[in-house]
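Undergrad: The primary structure of each chain is shown beneath.
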Amino acid sequence: MKAKHRKLAEKLAPWVVIAGLFTIWQAAIFIFNPRPFILPSPALVYQSFIDYRDPIMAHALFTLTNTLIGFGLGILVGAMLGIFIGSSRLIYAGFYPLLIGINSVPKAAVVPLLVIWLGIGQPPAIATAFLLSFFPIAVNVAAGLATVEPELEDVLRSLGASKLDVLTKVSLPRSLPYFFASLKVAVTLAFVGAVISETLASNDGIGYLMLQAASQFRTSLMFAGLLVIAAMGIGTYLICAFIEVRMTGWATRKQTQVTGGG
Amino acid sequence: MTNLPQNEANDPFVDFSDVALRYGDENGTLALSGVDLSIKKGQFAAIVGPSGCGKSSFMKLATGLCPATEGSIRVAGAPVTGPLKITGMAFQNPTLLPWRDTLRNVMLPLEIVQPHRSRLRAEYAKYVAQAKTILATVGLAGFEDKHPWMLSGGMQQRVSLCRSLIHEPQLLMLDEPFAALDAFTREELWSVLQDLWLEKQFTCILVTHDLREAAYLADVIFVMSARPGRVISTHRVDIPRPRTIESTFDPAFVEIVQKIRAEIAQVRKESKAPARPAAQEQVQ
Chain G
1 MKAKHRKLAE KLAPWVVIAG LFTIWQAAIF IFNPRPFILP SPALVYQSFI
51 DYRDPIMAHA LFTLTNTLIG FGLGILVGAM LGIFIGSSRL IYAGFYPLLI
101 GINSVPKAAV VPLLVIWLGI GQPPAIATAF LLSFFPIAVN VAAGLATVEP
151 ELEDVLRSLG ASKLDVLTKV SLPRSLPYFF ASLKVAVTLA FVGAVISETL
201 ASNDGIGYLM LQAASQFRTS LMFAGLLVIA AMGIGTYLIC AFIEVRMTGW
251 ATRKQTQVTG GG
Chain L
1001 MTNLPQNEAN DPFVDFSDVA LRYGDENGTL ALSGVDLSIK KGQFAAIVGP
1051 SGCGKSSFMK LATGLCPATE GSIRVAGAPV TGPLKITGMA FQNPTLLPWR
1101 DTLRNVMLPL EIVQPHRSRL RAEYAKYVAQ AKTILATVGL AGFEDKHPWM
1151 LSGGMQQRVS LCRSLIHEPQ LLMLDEPFAA LDAFTREELW SVLQDLWLEK
1201 QFTCILVTHD LREAAYLADV IFVMSARPGR VISTHRVDIP RPRTIESTFD
1251 PAFVEIVQKI RAEIAQVRKE SKAPARPAAQ EQVQ
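First to last, the sequence lines map onto chains G and L.
Okay, so the first sequence: first residue is 1 according to my numbering, each after it adds one.
Okay, so the second sequence: first residue is 1001 according to my numbering, each after it adds one.
If we strip away everything but chain G, and leave its shape as in the complex, we get (with noise of 0.2 Å):
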């Protein structure tokens, strides 16, 4: 009884937060008074959403499948290239400074670049996504096929097993769990690109949406596009999640075995 009531808790406690920080938004509306230009109150966010429901899911689409091409590329690259970084020490050494480098270069300042290469609109959006998205896959599957306990490899050679037979029997599996864990980062990476660089070059999709709202200072429409983007970055989260624990339950099985397992 006491463990069913918990369960319920565990998952009203996100909807009671997002309630929470809404009534704390109208309640600092009401006590402030500010202009609606600098803060809208949610009701008129709500209102906005509404009103502009249509245009909104037109470029909220557009968005979303920028980010969804841009993240699949990520998780093809991404993987192929932790495995081939994770593969051998050596490569490891001499590919990850590189990697480092790469990430650290923000992207908005690669937009213009991508523009020139690709044009503007959809391209350089969907690259975007995916030059933020790849990295923590990359990073994370290397750093999964390198935790391998070396007492196992050594059980696997000593049945003759060969690099192959190691990598496809043991050390794939292993990162599993690590390459799951990094999707959920990487979607919600995969949408800041998408939107960086509509925001720079496009005429269409939410980050566009955003510009076009503040120059004409509609506040409330730019809030309206926020809460789209974040919950679209909740949604795919969660389809992550979910992958994850069916995928790798074996790897959260205190997570699954508190909850009665699925």
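There may be inaccurate statements among the hints.
[Unchecked claim] When the alpha-carbon atoms are kept at most 27 Å apart in a straight line, the in silico BS3-like pairs for lysine-lysine are as follows: (1) G:K169 - L:K1041; (2) L:K1060 - L:K1041; (3) G:K163 - L:K1085; (4) G:K169 - L:K1132; (5) L:K1085 - G:K169; (6) L:K1041 - L:K1200; (7) L:K1085 - L:K1269.
No lab work stands behind these hints, which were simulated from the structure alone.
On the provided structure of chain G, position chain L as indicated by the hints.
TA: For chain L alone, coordinates are given in the frame of chain G:
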């Protein structure tokens, strides 16, 4: 496939001759030096010694995972040049794959070692039956679909033993396999291991800190010196099989354990003394 001609049966199956192992470059740690020993086919050998005497290095040499710096190692009549494919291994840590259930953990070697590897798909049912049989032998019938974290430490170690034997290796290497278990489970697994060995007649090398364990299981016990490790004495254990916990109270058993304990105490004392006198050879 493991039947040797009669005249080879008395030749050593594992033969170390003046073997040394140094880690790293010329100034690296000398783990083993001047190791001479031979183990016959089907024999159960135990290696005991003070901690840090290079017992685990010995394992790596015998299985070919690590090349010797000096000397020659022959296993099954051929010099060891790379990882051997006729061995099974089990460690203090069960090293099971957490994403596989018990049955698939046990069957892992079959996916790697020939000729099983190419037959596995066609004769899957037969191999599953074989894995279930060996699990039943160690008392794990009905646990085939459990994952490692659902098993106790002793059960995991049994699975690890099954995995090291499923491909019917000619040489089983055990590196302190029971060290992490409680005393009751440990003694129970001694008997499990002895039964497996009596049934399958493989050659076995057990590295252990536990002198009673060595005396219970082994035909011959090699005592090693402190680092750099070498064999300082060899003891035969002639207590009849199958041995039981009662055998461990046998005066002959107690005598062997006491003798080895005294030798190791002596070695430890010498290794702590500033100027180390030459350890006396006392091969029996």
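Undergrad: Which of the stated hints cannot be reconciled with the structure, identified by number in ascending sequence?
TA: 1, 7
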